[in-house]
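Colleague: Chains as they are written, first to last, in the numbering used here: chain R, 1 to 365; chain C, 1001 to 1158.
These aren't lab readings, by the way, just hints derived from the structure by calculation.
Careful: at least some of the hints might be erroneous.
Pair by pair, the computed Cβ-Cβ distance ranges are [said to hold, decoys possible]: (1) R:E4 <-> C:N1126: 18 to 28 Å; (2) C:K1122 <-> R:L49: 26 to 36 Å; (3) R:K338 <-> C:K1122: 20 to 30 Å; (4) R:I6 <-> C:T1077: 43 to 53 Å; (5) R:E88 <-> C:D1006: 17 to 27 Å; (6) R:D139 <-> C:T1008: 47 to 57 Å.
A virtual CB, placed ideally from N, CA and C, is assigned to each residue, including glycine.
The residues making up each chain are set out below.
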Amino acid sequence: MKTEAITVNIGPQHPSTHGVFRLRVTFDGEVIQDVEAVFGYLHRGSEKLAEERTYTQVITLTDRLDYVASMTNNQAYVLACENLMDIEVPERGQYLRMIAAELQRIASHFVATGFLLQDLGAMATPLMYGFRERERILDMFEMLCGARITNTYMRIGGVFQDAPEEFWGSLRSFLDGMPGFLDEFDSLLRGNEILLARTKDIGVLEASEAINCSVTGPVLRSTGVAWDLRKVDPYELYPRIKFDIPIGTNGDNYDRFVIRLAEIRQSISIIDQCYEQIEAGPVRSTNELLFYPKTGDAYGKVEAPKGELGFYLVSDGGIAPYRCKIRSPSLINLTMIKDLLIGSKLSDMIVTLGSIDINMGEVDR
Amino acid sequence: MTEVLDHTKLANIVRNGIKGSVCRESTGDLSVELEKLRDVLGFLQKEESLDFKLLNSITAVDYIEFFQLVYHLTSLTHNHCAVIKVDIFDRSNPTAPSVIDIWRGADYQEREIYDLMGIQFKDHPNLKRLLLWEGFDGHPLRKDYLEPPLPYNWPQGG
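One chain only, chain R, in its complex shape (with noise of 0.2 Å):
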């Protein structure tokens, strides 16, 4: 019987390549032999975009790149702005914006999480809990500066405004409630068979393959290395938290999706340790709005959810930025897709890719 391969478009219209994101997938029967990721659908030029605006102005631009992580693309942001200008930011503000992007790490953790899970099959439920804490979170965004999702929170030199009374309480109650949902989440999740069967063993990554496909975040961190920048190159006041580093030992899907599930914890205590030594004081150094930095370059990152998030600006001393190049971790995390699609099955290939924990905003800027 003669037989050929077939070529199938998946996306950019399509649930599980969570958001407009296109694969051109060659299948031998239900055999994956070739993939081609076809991007651009959510290109939006943000690079081009922010060299006609003020630094300032730039933030809100950074909102929308990892649409689900705001608050640590506003962080990388600022934390680069403030490196080209040489501006420190008071001790509260710092401890502000470090509780401001653990929380939105752990927002960012469940989505991935959810649709991972969703994309598995398990219709809904897991996906609910994790967006039933991720709504806290916003409630909490809301309190912080009046916005859920495009934040613009962080300024250069500290955060927008202190944080309002009531907010300490919800985090406090939050905080309080977290370890035992997550024992819940746990419990629901690790021990199912179906969940196992499905992810352990399946999109294996090698750990130096990793490195050298510049893949970073909790994927490189699945196949055992210990990488993480708030820890090997801290930033904020992180060298004063105690937290460790959830590492995994196969790289597997499984491993992408338990270290995320240990990070949530791990972003707990750091949450935790914040609340405990927060003093009072300013949150801002500065007032200004307009900033002319001296010529020169920078290269600010953060340990964002999805991995390094880099902003390389260059200033020629003028009101914007002469160029902002975004180092998108979604994107970069994107170069070993082939090694790990090519020869799994198609049912795999929707797992790997919401383990993966791609952001189309971000991938495309």
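With chain R fixed as given, assemble chain C onto it according to the hints.
Modeller: Then chain C, alone, in the frame of chain R:
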């Protein structure tokens, strides 16, 4: 803390490894000759005392007189980083060597630079536009790029 390698120390190691490759050094970064770029980057990855196994990012900047490629490198074992810059003066047909066989992570980044800045990467196996569509005219991140006028009129629009 990731240590930024001292530029004189780094420049000396690179000078000893690849002769005549460094054209200037300044605080925090090192500029190399375009012809020697591949040799230098390959050397930086393999040399054990440097061990730059992770390519953080590649950036292209349009300085009007020349294009500049900026390579951010990190060593995971020694926990240090370095910035390598290279200038491309040929504006009509800017070309740089591809580093995809040194770091595969360069794949999409070089395609993106080709797409938005119009720099050709020699020996890249699949050099085509990444974000914009085939047939798009021009390279928008260049400073002399002008948005073409819309080919149609929108009667209700301004």
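Colleague: Against each hint, give a clear statement of whether it holds in the structure.
Modeller: Each hint tested on the structure:
{"no.": "1", "hint": "R:E4 <-> C:N1126: 18 to 28 Å", "in the structure": "holds, 24 Å"}
{"no.": "2", "hint": "C:K1122 <-> R:L49: 26 to 36 Å", "in the structure": "holds, 31 Å"}
{"no.": "3", "hint": "R:K338 <-> C:K1122: 20 to 30 Å", "in the structure": "holds, 22 Å"}
{"no.": "4", "hint": "R:I6 <-> C:T1077: 43 to 53 Å", "in the structure": "holds, 45 Å"}
{"no.": "5", "hint": "R:E88 <-> C:D1006: 17 to 27 Å", "in the structure": "holds, 24 Å"}
{"no.": "6", "hint": "R:D139 <-> C:T1008: 47 to 57 Å", "in the structure": "holds, 53 Å"}
The structure is consistent with each of the numbered hints, conforming to all of them.
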